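> All chains, full assembly: derive it from the sequences and hints.
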Amino acid sequence: MAKILIIDDSIVARMSVKGCIPKDCGHELAEAGDGAAALELFRSMRPDITFLDLTMPDRHGLEILEELHRDFPESIIIILSADTQKQTRVKAEQLGAFSMIKKPPVKELIQSEIVRALAIVEGRHE
Amino acid sequence: MSEHVNALSPLEKDALQEIMNISFGQAAAGLSEVINMHVTLTVPRITVLRIDEIYPYIQAEISGVDDISMIRQFFSGKFSGSSILIFPHGEGKKLLKLFDENMELSSVSASEIDVLEKETLIEISNIIMCACVSKIADMLGDVVHYSPPRYYSQDQIETTLKEAFSEDEIFAIFFKTVFHFKVFDASGFLFLISNYSTLEWLKNAIENYLNQYA
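Listed in order, the protein sequences are those of chains A and B.
In terms of my numbering, the first sequence opens at residue 1 and continues consecutively.
In terms of my numbering, the second sequence opens at residue 1001 and continues consecutively.
For the record, the hints were derived by calculation from the structure and aren't laboratory data.
Heads up, a few of these hints could be off.
As the list claims (entries may be wrong) - Think about it this way: if two alpha-carbon atoms lie no more than 27 Å apart in a straight line, the pair counts; the simulated DSS-like pairs of lysine-lysine are: (1) A:Lys102 / B:Lys1182; (2) B:Lys1097 / A:Lys91; (3) B:Lys1093 / A:Lys86; (4) B:Lys1203 / A:Lys107; (5) A:Lys102 / B:Lys1203.
Since this is a predicted model, take the numbers as computed values, not measurements.
So this is what it looks like as structure tokens:
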């Protein structure tokens, strides 16, 4: 069981990520629709895994990634974006993204990334 | 300026915006490979407008930009309408080196530069408009066909936009994003104007898209 935060300005995008996460695993899900809410929620919730969109109206996802990774270097932040240009991917990696998934989300890929991320989280607790 | 909010529910509008966001993002990724350059696109905005509101709306959206050029391309399928790219004057010249990085503008006559600028804008517009519309159509389960893109100068734009719709079209679904080529510091406005007659099909296609995550 993991705490998962989904950050995206689109309700539909958040719905689609939630739709990819298995419901029978008991994961605790939370969501934020803008950068400010996302940062506040992240600090109070301290999620194990965060799915972060890049193209948002109030703050770009890379800025949020930079801030979160600076304050919480061990955070696992998976970028979920339609912008998969090489320069964007490189920047996301430099800023500490765990991985980058192309939108629209595919169930198998979301689930395999959750498994991969949880293995790291559990490894830290051993 | 009225917005016909009942045409699309908030969820449908959000879904369409997300589909556009994905489509434009993927198109930008494709573009960056073709022209080897990073392209940024703003979050798309969707509005439903009366046909007679389109030109004033575009004017308001690009306020502060006095001299513009427009490239328009029709697309047809179940999803049909017009793609319009508007460039502030001079942006085409900045982009000339996109297709020929060794070009020396000082060795080309002014009239040749004008022709090259138009051709560059048409070519870039064709790539951007086809990439965006094709991705949207693909995500909604449609295949569209394109007319050749055409260039219009400032004085032709209002008339061209008014003639772009048949008399029985009262409303249009209007999509907007701004794109920027950082290396050349060049920007343009992309508008997609979908015929209102495609609304019912569009609503069904959105529902099908949402159902895959239900």
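> Against each hint, give a clear statement of whether it holds in the structure.
Quick rundown of the hints versus the structure:
no.	hint	verdict
1	A:Lys102 / B:Lys1182	22 Å, holds
2	B:Lys1097 / A:Lys91	26 Å, holds
3	B:Lys1093 / A:Lys86	26 Å, holds
4	B:Lys1203 / A:Lys107	24 Å, holds
5	A:Lys102 / B:Lys1203	24 Å, holds
Of the numbered hints listed earlier, not one is contradicted by the structure.
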